[in-house]
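Q: Chain by chain, the residues run as shown.
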Amino acid sequence: MLDPKTNYYRYRIFYSKTGSSRFIGHLDLQSFFNKAFKRANLPVAYSQGFNPHQLLSIALPLSMGMSGKNEIAEIYLTLEIDTKILVEKLNKQMPQGMEILNAELVPSVGKSAAGLVNAAKYLIRFPSTKFDENIIKSLETTDFADKIIKIQIQDDIIAATLYAGSAKNLKPQVLAQYIIDSLNLDIEPKDIGYERTQILI
Amino acid sequence: MYNDEILLRVDKPARYVGNEINMMRKELNGSQARFAFAFPDVYEVGMSHNGLQILYGLFNRRDDVYCERVFAPWTDMEAIMRDKKLPLCTLETYTPLSNFNFIGFTLQYEMTYTNILNMLDLAGIPLHSANRSDSHPIICAGGPCAVNPEPLAEFIDFFFIGEAEEQFDNVFDIYNQMKGENFNKQAFLERIATLDGIYVPSFYDVIYNENGTIADFKPNNPVAPAKIKKVIVKNMDNVYYPEKTLVPLIDVVHNRVALEIFRGCIRGCRFCQAGFIYRPHRIKTVETLYNQAKCLIQATGHDDISLLSLATNDYPHLEELVDKLNNSFADDNVNISLPSLRIDAANQRILEKVQKVRKSSLTFAPEGGSQRMRDIINKNISEQDIFDGARLAFQGGWDRLKLYFIIGLPHEIDEDLTAIGKLASDIVEIYYSLPKENRRRPPGITVSTSCFIPKPHTPFQWHPQHNAQDFMDKQRLVKSNMKSKRASYKYHDADTSVIEGTLSRGDRRIGSLIEQAWRLGARFDSWSEHFNWQIWQQAFENTGLTLDFYNYRNRSYDEILPWDFVDVYVSKDYLIKESENARPKN
Ligand code: SF4
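Chains as they are written, first to last, in my numbering: chain A, 1 to 201; chain B, 202 to 787.
One or more hints might be untrue.
To be verified - Below are the DMTMM-like pairs computed for lysine to aspartate or glutamate, each with C-alpha atoms no more than 20 Å apart in a straight line:
hint, chain 1, residue 1, chain 2, residue 2
1, A, K35, B, D533
2, A, K190, B, D205
3, B, K213, A, D191
4, A, K190, B, D533
5, B, K285, A, D132
6, A, K92, B, E444
Just so you know, the hints here were simulated from the structure itself, not pulled from any lab data.
Work the whole structure out from these sequences, hints included.
A: Structure, rendered in structure tokens:
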């Protein structure tokens with residue numbers, strides 16, 4: 001049987017999730033999008049079977065409390081729709097902190113964005129800390145060194161590009177914890193601010 | 202918003218940030234009456250409550266009112282708030298509660314009473330009305346438990362008894378006329394006290410007999426009526442219903458469009474407070490319900506419509522309604538659910554229609570295990586009805602049944618309790634008597650018992666309640682007679698039910714018990730993980746109040762009951778007649 005998805009239109013949606021919307025967890029985010037698509041009266045495609053669900057996928061779950069500046073979700077629609085209109089309609093359904101930035105039509109078959117994720121960029125803010133270059137050197141010897149693509153420091157912020165996805169993955173929390181431990185910083189892990197600025201696919 | 206330092210340290214920070222879909226945002230212009238709708242339980246429970254959605258919409262439809270929400274902070278949040286001295290704030294604008302004109306608590310169940318005191322305290326507001334000035338918010342309360350407001354009388358400035366849709370506009374109108382620099386709370390209360398459904402406790406005096414019962418209850422203010430009449434909505438089709446409801450951003454207990462199909466109940470089960478206090482029975486038409494469903498589906502994006510009422514079976518146009526909703530919304534992948542529908546020959550088809558896919562479990566509430574007991578409580582369901590229903594359910598493919606009973610009912614004998622296990626075994630038998638093709642897997646029967654709590658405004662309001670030990674003995678008896686391997690038994694905590702019994706039928710003096718319990722640390726008493734019997738025991742000791750007086754004694758028909766002044770349109774004579782009718786005839 002032909003994959004029914006070939007008849008549908010797949011849209012990749014880029015959005016930001018900041019402010020109080022950071023506290024929507026991953027599962028809740030799915031049902032949040034489900035309802036937003038319904039309210040926006042978009043022709044959403046559903047799975048076949050006994051318990052149909054929207055053909056929605058969200059790439060790379062964002063940890064609770066973290067901001068995402070350029071997150072990715074994909075949704076199948078049964079009709080083609082102008083991406084500008086799609087963005088406009090969806091933005092009318094967003095609470096504060098959620099904004100649809102852009103949408104693009106992508107081929108309806110093939111891997112989803114979730115499956116294509118390769119890396120992600122983070123800004124990690126350590127309250128009242130000043131780093132010097134030595135910390136970057138010391139990371140080279142850790143057992144997760146191969147999962148770091150790029151790292152830079154600027155005052156109290158570490159900008160890191162880390163492998164992400166199913167093949168190779170490093171959570172920014174792991175990196176942060178290492179830094180706290182190795183520099184003996186007097187910081188509680190919960191006080192570190194995280195922002196994911198981009199998902200790379 | 203609370204800052205990250207706090208939010209990242211509590212469970213489910215979304216409980217404290219608001220920002221939900223359809224949250225009301227209003228420009229504060231200094232002219233609105235500001236009302237904080239306070240739900241004295243955790244966010245996920247409060248946000249699942251349909252009454253909150255109705256009142257939030259009702260109040261906010263007025264430009265001169267801004268209604269915001271606040272919930273009981275969970276214990277982790279409370280600890281941080283106390284440590285950092287943060288005041289309790291509303292979700293809409295993060296305004297401290299003490300800056301509001303009104304704080305309105307909804308009284309859904311008695312075991313939230315300690316949370317009410319806790320919320321006032323976290324807001325920095327004196328607990329007792331007598332200790333508050335004109336500049337403090339006016340503290341009001343309403344909801345089903347307000348039919349006996351007395352346990353909270355010391356803390357609440359005015360109660361509203363009945364259905365707010367019909368009366369609250371008058372309260373706001375009067376407030377907005379009188380507000381301003383010279384606002385005088387006493388004068389305001391005197392004006393609203395003349396409205397139906399408004400009870401101002403400070404306008405009444407209670408005098409007690411030496412034996413502790415009430416000698417007299419009478420107004421001390423000329424404007425205060427001797428009786429408080431419940432306010433009811435007359436026409437359910439014209440009454441306000443929200444066109445949009447709040448959609449939480451996190452999972453809550455119920456995520457759905459709630460369609461209230463009728464109010465009141467035509468049955469008169471003698472233990473059931475809801476059956477008496479929500480009278481009369483008033484339905485909405487299919488047309489109204491369809492329009493409301495359509496509107497709410499669009500406004501929320503929910504994929505479930507739940508039909509709410511006290512007894513769905515009694516809605517006269519159920520099939521027509523279900524068909525209409527199904528035809529209109531099934532293509533949009535919207536499910537219809539019928540909680541509290543009892544299967545019988547008449548509605549088997551309806552159930553098939555709504556549960557096309559998942560055969561979840563079905564519920565029966567015979568309440569009494571024996572026919573004798575069902576006659577005592579006036580539950581008009583025969584053993585044959587139960588068996589027929591079970592057979593239909595099994596044939597329809599439901600093999601999980603839940604059965605609900607109450608133990609410790611008036612006039613109960615051991616046979617009423619042993620009958621419960623027998624009933625469960627008989628139902629299992631019915632399953633195995635069906636042809637093999639009806640039996641995919643062994644059936645599962647869950648029997649649950651709750652402990653009887655005599656409630657105000659019911660024919661059983663004079664009856665003693667059992668003590669916890671009795672309840673536990675009864676639970677043991679039920680359990681030991683639960684013979685079928687396919688039947689499991691769950692029961693409700695006896696200690697909690699005893700305290701609920703005290704609070705339900707309490708008088709004004711019970712306020713000091715609630716306050717003591719709260720001071721000793723009682724919070725979230727309806728949550729088994731938080732309920733602490735020792736605390737309540739200590740509170741009884743410290744206040745000198747006793748379970749003997751409030752729970753265990755027989756009240757006589759001529760005793761003045763603390764809630765007698767509340768008129769819910771069910772006369773005392775009628776309740777006495779019903780109480781007599783309940784006596785087993787032999
Ligand atoms: S138990 Fe149910 S049917 Fe009986 S009076 Fe109460 S709500 Fe009505």
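Q: Next step is simple, just say for each hint if it's right about the structure.
A: These are the hints, each one checked on the structure:
Of the pairs offered as hints, the one joining A/K35 and B/D533 holds, with about 12 Å between alpha carbons and a cut-off of 20 Å not exceeded. Pair hint A/K190 plus B/D205 holds up; C-alpha atoms about 9 Å apart against a cutoff of 20 Å. The hinted pair formed by B/K213 and A/D191 meets the criterion: a straight-line CA distance of about 17 Å does not exceed 20 Å. Of the pairs offered as hints, the one joining A/K190 and B/D533 is violated, with about 42 Å between alpha carbons and a cut-off of 20 Å exceeded.
A threshold of 20 Å between alpha carbons decides the hint, and for B/K285 with A/D132 the separation of about 34 Å lies outside it, so the pair is violated. Taken as a hint, the A/K92 and B/E444 pair is honoured in the structure, with Cα atoms around 18 Å apart against an allowance of 20 Å.
When the structure is compared with the earlier hints, violations turn up for hints 4, 5 and for no others.
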